[in-house]
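Colleague: Residues per chain, in single letters:
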Amino acid sequence: MINVEGLTKLYPKNKAEPDRKGTTELRGLKEVTFRVGKGEVFGFLGPNGAGKTTMIRHLMGFIKPDAGFAQINGLDCWQDSLAVKRLVGYLPGEMNFLEQMSGLEFLNLMSGMHGDRPIFQQRRAVLSERLELNLKQPIRKMSKGMKQKLGIIYALMLDAEVLILDEPTSGLDPLMQKVFIDLILAEKYQGKTIFISSHMFPEVERTCDRVGIIRKGELATVEGIQKLRQAQYRTFEITVEDEEEVELLRKRGLAIVAANGTGLSVEVQGDLNPLLSGLAQVKVKEFTQKTTELEEAFMHFYEEEGRF
Amino acid sequence: MFKQQGKQALNYATGLTLYNLLLIGVYPTISQSLVVTELAMNLPSSVKHVFGITSDHGLDSFESYVSTQCFGRVWLLVMGVYTIGMSDALIAKLVDQGAMAYLLASPVGRQEVLSTQVTVLASGLALLIGLTILGIWGEVALFNIPIDVGGYLRLGSLSFALYLAIGSYSIFFSALFNEEEQTILWASGLTFLFYALDIFSGLNERYSWLKKLTIFGWVRPQKVLAGEVSAVPTLGLLGLSAIFITLAGYVFSKKDIHV
Numbered sequence: 033m034i035n036v037e038g039l040t041k042l043y044p045k046n047k048a049e050p051d052r053k054g055t056t057e058l059r060g061l062k063e064v065t066f067r068v069g070k071g072e073v074f075g076f077l078g079p080n081g082a083g084k085t086t087m088i089r090h091l092m093g094f095i096k097p098d099a100g101f102a103q104i105n106g107l108d109c110w111q112d113s114l115a116v117k118r119l120v121g122y123l124p125g126e127m128n129f130l131e132q133m134s135g136l137e138f139l140n141l142m143s144g145m146h147g148d149r150p151i152f153q154q155r156r157a158v159l160s161e162r163l164e165l166n167l168k169q170p171i172r173k174m175s176k177g178m179k180q181k182l183g184i185i186y187a188l189m190l191d192a193e194v195l196i197l198d199e200p201t202s203g204l205d206p207l208m209q210k211v212f213i214d215l216i217l218a219e220k221y222q223g224k225t226i227f228i229s230s231h232m233f234p235e236v237e238r239t240c241d242r243v244g245i246i247r248k249g250e251l252a253t254v255e256g257i258q259k260l261r262q263a264q265y266r267t268f269e270i271t272v273e274d275e276e277e278v279e280l281l282r283k284r285g286l287a288i289v290a291a292n293g294t295g296l297s298v299e300v301q302g303d304l305n306p307l308l309s310g311l312a313q314v315k316v317k318e319f320t321q322k323t324t325e326l327e328e329a330f331m332h333f334y335e336e337e338g339r340f
Numbered sequence: 007m008f009k010q011q012g013k014q015a016l017n018y019a020t021g022l023t024l025y026n027l028l029l030i031g032v033y034p035t036i037s038q039s040l041v042v043t044e045l046a047m048n049l050p051s052s053v054k055h056v057f058g059i060t061s062d063h064g065l066d067s068f069e070s071y072v073s074t075q076c077f078g079r080v081w082l083l084v085m086g087v088y089t090i091g092m093s094d095a096l097i098a099k100l101v102d103q104g105a106m107a108y109l110l111a112s113p114v115g116r117q118e119v120l121s122t123q124v125t126v127l128a129s130g131l132a133l134l135i136g137l138t139i140l141g142i143w144g145e146v147a148l149f150n151i152p153i154d155v156g157g158y159l160r161l162g163s164l165s166f167a168l169y170l171a172i173g174s175y176s177i178f179f180s181a182l183f184n185e186e187e188q189t190i191l192w193a194s195g196l197t198f199l200f201y202a203l204d205i206f207s208g209l210n211e212r213y214s215w216l217k218k219l220t221i222f223g224w225v226r227p228q229k230v231l232a233g234e235v236s237a238v239p240t241l242g243l244l245g246l247s248a249i250f251i252t253l254a255g256y257v258f259s260k261k262d263i264h265v
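Chains as they are written, first to last, in the working numbering: chain R, 33 to 340; chain U, 7 to 265.
Here chain R stands alone, though its shape is the one from the complex:
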């Protein structure tokens, strides 16, 4: 459904931020190639500034590639952008609406511009109830989370065959993130093709079939979610009763990367069970999972594959 081949877009270095870390590289995308099949949910993961939004701008036909092409349903995203947009529901990464309108006016305008089908109204009603958003409120009085909800309603109400979502859960509380994931899974069940960009693995973990990881404008890898889940390193901060127990855990072969008295951090790749059965032997006082940056979480994966 989505077909990107050798897509390259280079920007001259940003004058506003001269030579970050002394890099002489150009910003942009370098020969990005991937395919997303019909009915598939594809996650596009990368740290901030890696080129996720640039990729999406290409898919939406906002910018013209220097080389290569992006196609949706066989239509070129730049040349046939109008035809492409008839297929696509889009959630921008930045929630900036026409501030003077209310949510309802905004959705009316968008319905009008998308050809006003009766289904828009029905879906809008269902979605606003699920996401608990009062549409009559003026947009400028909405919080970030509310704007995000409005954006999600807009993207999903169109009942488009292809959904392109740029960091869809940012600003949503955990409860709403759950609702959002259910909504996405429902769309997936209906056979929609979904492209989600994100810098957080958990966001895509529960919805995506495959994930592409982008780094400094280059697509590092495209993998099935299972494989990535196994490859993902997680770090747990654990505090136990006394130092003997630390020794006990060490003997069980857990990868203890740092120990400070009774506090230790343990790195786990994939299967959690060895850690859990180890912890069953000792008295645990604290147990937290350290949030890891995407880069960090997958660095081991890259290293193993010998890509970097």
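Because the hints were derived from the structure by calculation, they are not lab data.
Owing to the predicted nature of the structure, the values given are computational and were not obtained by experimental measurement.
Glycine included, every Cβ here is placed at the ideal spot set by N, Cα and C.
Warning: the hint list may mix true and false statements.
To spell it out: a stretch of chain U is covered by chain R in this simulated footprint if at least three of its residues, at any positions, have a beta carbon under 8 angstroms from a beta carbon of chain R; those stretches are [as the list claims (entries may be wrong)]:
1. 132 to 138
2. 229 to 241
Residues from chain R shown here face chain U by an in silico Cβ test under 8 angstroms; the list is partial [claimed, not checked]:
3. Arg-118
4. Val-158
5. Tyr-265
Think about it this way: if two alpha-carbon atoms lie no more than 20 angstroms apart in a straight line, the pair counts; the simulated DMTMM-like pairs of lysine to aspartate or glutamate are [to be verified]:
6. Lys-259(R) to Asp-303(R)
7. Lys-261(U) to Asp-303(R)
8. Lys-62(R) to Asp-262(U)
We have chain R; now place chain U onto it with these hints.
Modeller: Chain U alone, transformed into the frame defined by chain R:
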């Protein structure tokens, strides 16, 4: 095709209600300037001279008075600010802030988006100029001053053409830069240059040829009100507008828009 039209009409309607808010925001400033006019009208002529209320024809007719006052500096300034601000808000601001993403994500072409925005601008200008002229007619009726009604219509359409021309190059800059600062800088810079040239050309006979270089020079309110037919400058300004709007459409549909 009809569906397409209806869609457009909906855009226009929603867009207009939206921008009407902006208009209402600007209107008090204009009506205030009319209040000032009323006040000045009752002043003795020596005082008027002190306040610079003079024209080539002196103050012997209401027409020359109106042309200097109602269509004089304050009005020019407010209209100029409105036109440039609006042109910026319609394209560059939306791109800058990111709201343009929603408009462009719909299966409505960029050209269509641009022409919708131009229509919004043009109707805004027509409304403002219409209100100004209606206001003058109202006041004239109030004070029982006989005037040539048609002259004001001609002046209205000439002013409309003038501001449409200013608006069209502002829209062009707006589409070209997609950035608020640059747009305002270029649009107001060029407008100020035209205005300065116009003032300068009036200072000395030797420089009167400069009038031909500035769009403000094409507009002479006193002469129009005194009965001069203004078809040529009106058409000229409209032609200029058409050129810039076409250019803006071309630029806007071809360029990368980072939203």
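Colleague: Confirm or reject each hint.
Modeller: The hints, checked one at a time:
Closer than 8 angstroms: that is the beta-carbon criterion, and the segment 132 to 138 of chain U has 0 residues meeting it against chain R, so the requirement of 3 is violated. A stretch counts as covered by a chain when three or more of its residues have a beta carbon under 8 angstroms from one of that chain; for the segment 229 to 241 of chain U and chain R the count is 0, and the coverage is violated. At about 4 angstroms, the closest approach between the beta carbon of Arg-118(R) and any beta carbon in chain U falls short of 8 angstroms, and the interface hint on this residue holds. Look at Val-158(R): its Cβ only gets to about 21 angstroms from chain U, farther than 8 angstroms, so that hint breaks.
Below 8 angstroms, beta-carbon pairs count as interface contacts, and Tyr-265(R) has none with chain U, the closest being about 35 angstroms; its hint is therefore violated. Only pairs whose Cα atoms come within 20 angstroms are accepted, and Lys-259(R) paired with Asp-303(R) is accepted, the gap being roughly 12 angstroms. For the hint linking Lys-261(U) to Asp-303(R), the alpha-carbon distance of about 49 angstroms lies beyond 20 angstroms, and the restraint is violated. With a CA separation close to 17 angstroms, the supplied pair Lys-62(R) and Asp-262(U) stays within the 20 angstroms bound.
In summary, the numbered hints that this structure violates are 1, 2, 4, 5 and 7.
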